[in-house]
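Asks: Listed below are the residues making up each chain.
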Amino acid sequence: MRVGLFIPCYIDAIYPEAGIATLELLERFGLEVVYPLNQTCCGQPMANEGDQQHSAAAEQLFVDNFREFDYIVGPAGSCVKHVKLHLDAIPQSPEVLHVRERTYELVEFLHDIVKAAAFPWAYFRYKVGLHNSCSSIRGLGIALPSETMGTPFNKTARLLQMVEGLELVPMDRPDECCGFGGTFCVTDEAVSASMGIDKVHDYMRHDAEFVVSPDMSCLMHQQGIARKAGIHLKFLHVAQVLNGGPF
Amino acid sequence: MGDDKKVDVAAHAAAFLAQDDVHEPMHDKNLWAARMKRDAAAREVPEWETLRELASQIKEHTLTHLYDYLLEFESNAIKRGAKVYWARDAAEHNQHVWNILQEKNISAVIKSKSMLQEECGMTAFLENRGITVTESDLGERIQQLDDQPPSHIVMPAIHKTAEDVAQLFARTIGTDPRNTDPHYLTEAMRDNARRRFLEAGAGMTGANFAIAETGSFVVCTNEGNADIGAAVPPVHIASIGIEKLLPKVKDLGIFIRLLSRSALGTLATQYTSHFSGPRKGGELHIILTDNGRSKRLGMPDFWTSLKCIRCGACMNTCPVYRRSGGLAYGATYSGPIGIILDPTFDESRYSELPYHSSLCGSCTAVCPVKINISDQILQWRKVMAAKKYLPVSRRLAFGAAGKIFEHPQLFRSAETMASGAIRFTPDFLLYNRVLNPWGRHRELPHFAGQTFREWYLQYRAKNNEHGEQRP
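Protein chains in written order, with our numbering: chain A, -15 to 231; chain B, 78 to 548.
Since the hints were made in silico from the structure, they are not lab data.
Hints are not guaranteed to be accurate.
[To be verified] A short list of chain B residues far from chain A (calculated; beta carbon distances all over 10 Å):
id, residue
1, Lys83
2, Ala90
3, Asp116
4, Glu126
5, Asn256
6, Glu300
7, Thr349
8, Arg356
9, Gly369
[To be verified] Pairs of lysine to any residue, SDA-like flavour, derived with a Cα cap of 25 Å:
id, chain 1, residue 1, chain 2, residue 2
10, B, Lys447, A, Lys218
11, B, Lys480, A, Ala41
12, A, Lys68, B, Val460
13, B, Lys82, B, Gly369
14, A, Lys218, B, Lys114
15, A, Lys218, B, Trp532
16, B, Lys447, A, Gly134
17, B, Lys480, A, Leu128
18, B, Lys464, A, Ile74
19, B, Lys384, A, Ser130
20, B, Lys465, A, Ala41
21, B, Lys447, A, Asp72
22, B, Lys480, A, Gln37
23, A, Lys212, B, Arg517
24, B, Lys114, A, Thr135
25, A, Lys68, B, Gln96
26, B, Lys465, A, Val170
27, A, Lys212, B, Ser496
28, B, Lys447, A, Pro158
29, B, Lys447, A, Thr132
30, B, Lys114, A, Ala213
31, A, Lys212, A, His185
32, B, Lys480, A, Lys218
33, A, Lys212, B, Ala91
34, B, Lys480, A, Gln44
35, A, Lys212, B, Gln96
36, B, Lys465, A, Ser77
37, B, Lys459, B, Lys114
38, B, Lys106, A, Ile181
39, A, Lys212, B, Ala92
40, B, Lys464, A, Gln76
Think of the CB as a built atom: it goes at the ideal place given N, C-alpha and C, for glycine as much as any other residue.
With the sequences and hints as input, model every part of the structure.
Replies: Quick look at the structure:
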């Protein structure tokens, strides 16, 4: 099984350790993982604005980079959601459809395809607030959305609970949006910041020491809010915890 | 309507947030509580998801056979003694109402909450012609006295505190400004309104559901105000949007079970009143109104928004709405459903609304009739972008980003420039509110010393046969 490693642009520049953890973690399961060097961005920022014209070229480049792989795995729910559900600014050729169908967010890939049953190399003796992003929950189905009736499941929590020492704390609004929302955090800055500070307070009320998420972009926003407010919370991508670093 | 000025919803929302430390937290808390009550009520119904699916299918069926069901409704309503009128738009709707009132020489009406009448700007229209119009729903009456439109479909004054209402009532109906007790205030309004029920020549209602099979319609309220309004004055005028149709009485059970649970988390509204023809000695006038609905029905991406039963669940769950307040949307309909309805009335005026969403998708998941609200919001953005309604600055920014992402080498140098710029730019620039909205409430992320790609090239790329860069 050949896996194409999709490292979103902001992880490349700001959170390389999340990318390194993702690569190492996949390799621990014996997968052949290749990082195509010409990748940039999946097109989501432009598509989110409704700008199909400018997202088309980025989408085509994404498909060119990843068309030859059995699976494409990325440590970012919202980017993967874009590829799977909204990469439609270019004609939907068989290879585009192949790429869209075979692109997975890291947690769902580990849970559904690799069927990871243990992370013996990892331990993490902290209280953790889990932030499953909206894209991961309602877009990719990584957990049962709280609005939907049925038997609850949470793939991220299931994986994290296999890590020795880790304690997940409950939250008042477990799947309330944190206000990142891609370009929303800039164009609707006041509302976005208000949502973010409420989210951070929710972790604080439950004594979380770390916030862990499959979506680093939400954490980038939450971390910025916490820092500005002088709140000492730490933020990690789920790959770093499952891989036991790098931190 | 009529005003072509674009609604700047982000600025309105920022103002709602900035006014004090009381209103926004209260608004958020009260509506989140409604969402929690909704969850508890839905959990009690094992077949909840099946009900949603059935409701969605019934609505889609009805909308795709609307012509036949409307004619069936009309003929059955007439058989029961109602007078039925057709209105293509707001102006025709208001004209029908005015004609009926004039013919009966009526100068005062009492009305219960109707979003359609709100859509038509009916109250202002009638008041300009000397008619006294009194809202009988408590929340709606509060908004009327404050000269504001409703800020929520189900809870029109939810953005106001008890103190706000005490001040307003003191100013308008002479209550004690220091007494904020809800019972006292409600009782004062009841005394004030009852007189108006007795004096009114006509009672106006909307309708939650209209049944083709029987020509009857259903009005759901929690205060019983629609019933007294329809029962006391001699004339009942009902404004019904053509999308309110259901084929048969037996369909109703599904919607009644969903409506109030989704809205407030109650099992049913306190009053679920069926109106089948005029009461003895009275008159019933039904105005079937289009006002843009058939145009929306013809929009392939947006027609399913007509399934909406106006429960307000999407507003209660929407984290953006909860923090903006409904008035920020500057439109008849606010919240997620407003974002997808309002542009069908005026694309230019409401072109910013689709951007007032984090696209979290909670609205779609909570909707009792399964409208893909979040997808339609994104779809509206595509319309706005294609028709160039976006501000020029934003178009240029995303155009430039698109170019950078198209070319790997450009992207690498942009990354290097951005990280360098952030390292060497003084704080006053980074946290300047005009130049950089990110920095006002958030610290900027720190760029890493080495990108992932650089790390990969250094430690891994020797084994990677796909490592060659494009020339």
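Asks: Taking the hints in turn, state whether each one holds.
Replies: Evaluated hints:
1. No Cβ of chain A comes within 10 Å of the Cβ of B/Lys83; the nearest lies about 14 Å off, and the non-interface call holds.
2. Its closest Cβ contact with chain A, about 5 Å, brings B/Ala90 to no more than 10 Å, contrary to its assignment away from the interface.
3. With a least beta-carbon separation of about 7 Å from chain A, B/Asp116 fails to lie farther than 10 Å from that chain, contradicting its non-interface assignment.
4. The claim that B/Glu126 lies off the interface is violated: its Cβ sits roughly 6 Å from the closest Cβ of chain A, which falls inside the 10 Å cut-off.
5. Remark: the non-interface label on B/Asn256 is consistent with the geometry, its nearest Cβ contact in chain A lying 32 Å away (cut-off 10 Å).
6. Every beta carbon of chain A lies more than 10 Å from that of B/Glu300, the smallest distance being close to 28 Å; the non-interface claim holds.
7. With a cut of 10 Å on Cβ distances, B/Thr349 stays outside the contact zone with chain A, its closest approach being about 23 Å.
8. For B/Arg356, the condition that its CB be more than 10 Å from all CB atoms of chain A holds, with the nearest at approximately 40 Å.
9. Non-interface call for B/Gly369 relative to chain A: holds, since the shortest CB-CB distance, roughly 22 Å, exceeds 10 Å.
10. Between the alpha carbons of B/Lys447 and A/Lys218 the distance comes to roughly 38 Å, so the proposed pair goes past 25 Å and is violated.
11. With a CA separation close to 8 Å, the supplied pair B/Lys480 and A/Ala41 stays within the 25 Å bound.
12. Taking the CA atoms of A/Lys68 and B/Val460, the gap is about 21 Å. The hint holds against a cut of 25 Å.
13. Straight-line distance between C-alpha atoms of B/Lys82 and B/Gly369 comes to about 20 Å, which keeps the hinted pair within the 25 Å bound.
14. A distance of roughly 33 Å separates the Cα atoms of A/Lys218 and B/Lys114; the hinted pair therefore is violated under the 25 Å criterion.
15. For the proposed pair A/Lys218 and B/Trp532, the alpha carbon gap of about 24 Å is at most 25 Å, so the pair holds.
16. For the suggested pair B/Lys447 and A/Gly134, the alpha carbons sit about 16 Å apart, so the restraint of at most 25 Å is met.
17. Proposed proximity of B/Lys480 and A/Leu128 is contradicted: the alpha carbons are some 37 Å apart, above 25 Å.
18. A distance of roughly 19 Å separates the Cα atoms of B/Lys464 and A/Ile74; the hinted pair therefore holds under the 25 Å criterion.
19. Using a Cα cut-off of 25 Å, the hinted pair B/Lys384 and A/Ser130 holds, with the two alpha carbons roughly 23 Å apart.
20. Of the supplied pair hints, the one linking B/Lys465 and A/Ala41 holds, its CA atoms being roughly 19 Å apart against a limit of 25 Å.
21. For a cut-off of 25 Å, the pair hint linking B/Lys447 to A/Asp72 stands: about 23 Å separates their Cα positions.
22. Between B/Lys480 and A/Gln37 the CA atoms are separated by roughly 11 Å; this keeps the pair inside 25 Å, and the hint holds.
23. Distance restraint check for A/Lys212 and B/Arg517: the Cα-Cα separation of roughly 9 Å lies within the 25 Å cut-off, and the hinted pair is therefore satisfied.
24. Restraint check: the Cα-Cα separation between B/Lys114 and A/Thr135 comes to about 19 Å, which is no more than 25 Å; the hinted pair holds.
25. Annotation: proposed proximity of A/Lys68 to B/Gln96 is violated, straight-line Cα distance about 41 Å (limit 25 Å).
26. Taking the CA atoms of B/Lys465 and A/Val170, the gap is about 20 Å. The hint holds against a cut of 25 Å.
27. Between A/Lys212 and B/Ser496, the direct Cα distance comes to roughly 20 Å. Compliance with the 25 Å bound is thereby established for this hinted pair.
28. Straight-line distance between C-alpha atoms of B/Lys447 and A/Pro158 comes to about 22 Å, which keeps the hinted pair within the 25 Å bound.
29. Restraint check for B/Lys447 and A/Thr132: the C-alpha separation of about 11 Å stays at or below 25 Å, so the hint holds.
30. Between the alpha carbons of B/Lys114 and A/Ala213 the distance comes to roughly 32 Å, so the proposed pair goes past 25 Å and is violated.
31. Distance check on the hinted pair: A/Lys212 and A/His185 sit about 13 Å apart at the alpha-carbon level, within 25 Å; holds.
32. Between B/Lys480 and A/Lys218, the direct Cα distance comes to roughly 35 Å. Violation of the 25 Å bound is thereby established for this hinted pair.
33. As the CA atoms of A/Lys212 and B/Ala91 are separated by approximately 19 Å, the hinted pair is consistent with the 25 Å bound.
34. Restraint check for B/Lys480 and A/Gln44: the C-alpha separation of about 13 Å stays at or below 25 Å, so the hint holds.
35. With a C-alpha separation of about 21 Å, the suggested pair A/Lys212 and B/Gln96 falls inside the 25 Å cut-off, and the hint holds.
36. Straight-line distance between C-alpha atoms of B/Lys465 and A/Ser77 comes to about 28 Å, which puts the hinted pair past the 25 Å bound.
37. Our distance criterion of 25 Å between C-alpha atoms is broken by B/Lys459 and B/Lys114, whose separation comes to about 35 Å.
38. Distance restraint check for B/Lys106 and A/Ile181: the Cα-Cα separation of roughly 15 Å lies within the 25 Å cut-off, and the hinted pair is therefore satisfied.
39. Under the criterion of a C-alpha separation no larger than 25 Å, the hint pairing A/Lys212 with B/Ala92 is consistent with the structure, at around 21 Å.
40. Under the criterion of a C-alpha separation no larger than 25 Å, the hint pairing B/Lys464 with A/Gln76 is consistent with the structure, at around 23 Å.
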